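**Q** Work out the full structure: start from the sequences and follow the hints.
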Amino acid sequence: MRPIVMSEKKGQLVTKQDEQAKALWANRIQAVGTTRDKAAFAELFAHFAPRIKSFLMRGGTAPDIAEECAQDTMVTVWRKSHLFDASKASASTWIFTIARNRHIDMIRRAKRPEPSDLPWGPEQDPDQADVIGLQQETDQLGRAMAELPEKQRVLIEKAYLGELTHSQIAEQTGLPLGTIKSRIRLALDRLRHEMS
Amino acid sequence: MTRKIKHHLTDALLMGYAAGTLPEAFNLVVATHISMCDDCRAALAEFEAVGASVMMDSGAVAMDDGALAAVLDRLDDDDVEAAPPARTQQSGLFPMPLQNYVGGDLPAVRWRKIGGGVSQMVLPCDDGAATVRLLHIPAGTAVPDHGHHGTELTLVLQGAFCDEVDRFGAGDVEVANEDLDHMPVAELGEDCICLAASEAPLRFKGWLPRIAQRIVGI
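As you go down the protein sequences, you meet chains D and F in turn.
Counting with my numbering, you get residues 1 to 196 for the letters of the first sequence.
Counting with my numbering, you get residues 1 to 218 for the letters of the second sequence.
Treat the hints with caution; some may be incorrect.
Stated by the list, open to error - Now the stretches of chain D that chain F is said to cover, found in silico as 3 or more residues with beta-carbon under 8 Å:
1. 67-80
2. 144-158
Unchecked claim - Cβ pair distances, simulated, as ranges:
3. F/Asp78 - D/Asp125: 45 to 55 Å
4. F/Ser91 - D/Asp64: 42 to 52 Å
5. F/Asp77 - D/Arg108: 45 to 55 Å
6. D/Asp125 - F/Arg167: 40 to 50 Å
7. D/Lys38 - F/Ala82: 29 to 39 Å
No lab work stands behind these hints, which were simulated from the structure alone.
Computed from a prediction, not measured in an experiment: that's the story for all the values here.
Cβ atoms here follow ideal geometry from the backbone N, Cα and C, with glycine treated the same way.
**A** The following block contains the structure:
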């Protein structure tokens with residue numbers, strides 16, 4: 001048995017093991033990428049597919065389209081898992097971008113130009129401390145979102161649910177984007193450092 | 001990019017790109033700028049993390065019966081997607097997303113003169129929500145007033161232009177709304193090449209104005 005270190009964060013009991021388990025979403029994607037691990041894939045599916053479907057339906061997508069998009073997203077997770085870099089993006093962020101792109105393809109039938117890639121590929125064996133750190137920051141971001149005043153949180157949600165145009169986003173002067181984004185500063189500073 | 005980029009994308013544009021709600025023409029300018037600008041690439045990653053947080057907090061809706069089995073049926077061990085081309089594999093002036101629209105780099109551009117020495121190539125977009133074009137402005141030349149509506153994004157790819165706001169050099173993007181009445185002038189020296197996107201004027205909805213628009217290219 002590993003020693004269990006308990007610490008209290010925002011009223012939630014968090015254990016070292018819990019934190020490591022959370023980091024496993026990234027590790028499962030890597031397992032799919034390296035060994036085509038179908039059990040790991042099934043766990044990813046069980047965790048993410050219902051959330052993708054729910055997110056799309058909240059944005060007004062019909063249930064059958066949301067179901068199809070969630071299934072397609074998971075197929076793409078399988079096909080692109082070897083390109084996932086656990087030290088650069090959390091599992092949920094990476095899967096969010098895949099779901100978003102698939103949704104654009106399905107609904108708008110419009111092309112989605114993507115930036116050219118950075119001149120390095122995914123690390124084969126990223127430092128687990130980095131992977132866990134990135135996941136912790138992602139969790140902190142989620143808590144920061146949950147603690148926002150209702151009005152601000154709803155506005156941010158609306159922007160991602162496709163209910164605001166960029167002009168409408170620009171008009172919302174009170175959005176605490178700096179505060180929210182600062183929660184993931186560590187990972188991004190690392191990213192910036194590597195890019196420069 | 002070795003040159004320090006001074007004018008970046010706005011938070012609203014980065015958030016819209018992360019959310020996937022921008023017109024295709026704006027997506028192209030954003031993707032092209034991010035290909036040149038590591039600061040905006042990192043900022044986009046922040047906005048994507050926010051989007052993921054919204055998604056993960058959106059609850060869960062049960063997938064259809066047999067959904068996992070259906071997906072597993074579609075998986076093939078050898079079915080892997082190739083990595084997108086990296087920046088280092090790209091040659092020429094245009095970043096990869098732009099090359100994909102032009103069908104190549106600068107020599108592949110089919111310029112059409114639009115008066116005053118200025119040439120353009122309109123790049124086709126499927127969604128019709130905004131238009132995007134390459135502009136070639138000879139050094140020292142002013143861009144004719146082209147009466148844009150809504151937001152206009154202008155990304156400099158080569159040379160530089162100056163307007164009432166500031167100087168914009170390679171990699172810089174100017175985000176202007178219709179309140180800004182500007183007359184950009186290309187700097188002396190190198191000809192200025194820009195990628196410019198503007199929201200399609202909403203009052204032109206009939207087929208006749210659309211054809212007129214296509215001829216004039218604005």
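**Q** If a hint holds in the structure, say so; if it does not, say that too.
**A** Status of each hint after checking the structure:
Only residues whose beta carbon comes within less than 8 Å of a beta carbon in chain F count, and the region 67-80 of chain D has 9; three or more means the coverage holds. Given as covered by chain F, the region 144-158 of chain D passes the check, having 4 residues with a CB less than 8 Å from a CB of that chain where 3 are the minimum. Checked against the given bound of 45 to 55 Å, the beta carbons of aspartate 78 of chain F and aspartate 125 of chain D, roughly 23 Å apart, lie outside it. For the pair serine 91 of chain F and aspartate 64 of chain D, the beta carbons lie near 45 Å from each other, so the given range of 42 to 52 Å is met.
Under the hint 45 to 55 Å, the C-beta atoms of aspartate 77 of chain F and arginine 108 of chain D, about 32 Å apart, miss the expected range. Evaluation of the 40 to 50 Å hint for aspartate 125 of chain D and arginine 167 of chain F yields a pass: the beta carbon distance comes to about 46 Å. The given range of 29 to 39 Å is broken by lysine 38 of chain D and alanine 82 of chain F, whose C-beta atoms sit roughly 22 Å from each other.
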